[in-house]
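Participant: Taken in sequence, the protein lines are chains F and S.
For the first sequence, the working numbering begins at 103 and goes up steadily by one.
For the second sequence, the working numbering begins at 134 and goes up steadily by one.
Read the hints as simulated data drawn from the structure, not as lab findings.
Note that the structure is predicted; figures quoted are calculated from it, not measured.
Keep in mind that the hints are not guaranteed to be accurate.
Below, a sample of chain S positions facing chain F; criterion: calculated Cβ distance under 10 angstroms [as the list claims (entries may be wrong)]:
id, residue
1, Gly149
2, Ser160
3, Tyr166
4, Tyr168
5, Val176
6, Ser228
7, Ala232
8, Gln235
Even glycine gets a Cβ: it sits at the ideal position worked out from N, Cα and C.
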Amino acid sequence: AQKVTQAQTEISVVEKEDVTLDCVYETRDTTYYLFWYKQPPSGELVFLIRRNSFDEQNEISGRYSWNFQKSTSSFNFTITASQVVDSAVYFCALSEAQGGSEKLVFGKGMKLTVNP
Amino acid sequence: EPEVTQTPSHQVTQMGQEVILRCVPISNHLYFYWYRQILGQKVEFLVSFYNNEISEKSEIFDDQFSVERPDGSNFTLKIRSTKLEDSAMYFCASSAREADTQYFGPGTRLTVL
């Protein structure tokens, strides 16, 4: 069964600090996809990144970076030099490609507050 | 940039009433989804829809729920007889291909009184 665990529920940092959001997943499939979504206070879900299980390369996009490690079933997200606009709830999600299921299974989310 | 749209943004209804939530997926997308998020909780899958039929549904998606693609652009979620516990944010999403990135609409906040 699919499962996504975001152990941290809430983090508060001061602007310009780096912050890492942890995500651990469980799946029996060998082919799967991992995602991060951002939910700002306005409530919408904003797609940040998609990774497939065969691509363990870390990715950097501006101040955002992602570390995917299959050995520990983790897909962690780091925000460098955080800004107030980064304040949001961040969700990690998993989709299994095999068996015809396209649903996303979300973690419980982690609320990040960046204070000026 | 194409986006998923949803109407209304907020719906208030009385318990037992029927509601229809509307979504316009991204135009070239083929897979459609509904999710819900009870206030302060995680996002939960309800149903996926492809080729004019349900491809998967969760335990939440019981007989009170139905989905429809009445024309080439709209995708609707109907709740036949709303309960207090149906109060939540309902998100529509679409993707171009199977297991592709799902893009979410802004959500409809449903309040059942």
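Participant: Taking the hints in turn, state whether each one holds.
Facilitator: Going down the list of hints, with the structure as the test:
The interface hint given for Gly149(S) is violated, since its Cβ lies 27 angstroms from the closest Cβ of chain F, which is over the 10 angstroms cut-off. For Ser160(S), the shortest C-beta to C-beta distance to chain F is roughly 17 angstroms, which exceeds 10 angstroms, and the interface hint is violated. At about 7 angstroms, the closest approach between the beta carbon of Tyr166(S) and any beta carbon in chain F falls short of 10 angstroms, and the interface hint on this residue holds. Residue-level restraint check for Tyr168(S) holds (minimum Cβ-Cβ distance to chain F is 7 angstroms; threshold 10 angstroms).
Among the interface hints, the one on Val176(S) holds; its C-beta lies about 4 angstroms from the nearest C-beta in chain F, closer than the 10 angstroms criterion. Checking Ser228(S) against chain F by beta carbon gives a least distance of about 7 angstroms; that is within 10 angstroms, so the hint holds. Proximity of Ala232(S) to chain F holds as hinted, the smallest CB-CB distance being about 4 angstroms (cut-off 10 angstroms). With its C-beta approaching chain F no nearer than about 6 angstroms, Gln235(S) sits inside the 10 angstroms limit, and its interface hint holds.
Checked against the numbered hints above, the structure violates hints 1, 2; every other hint is satisfied.
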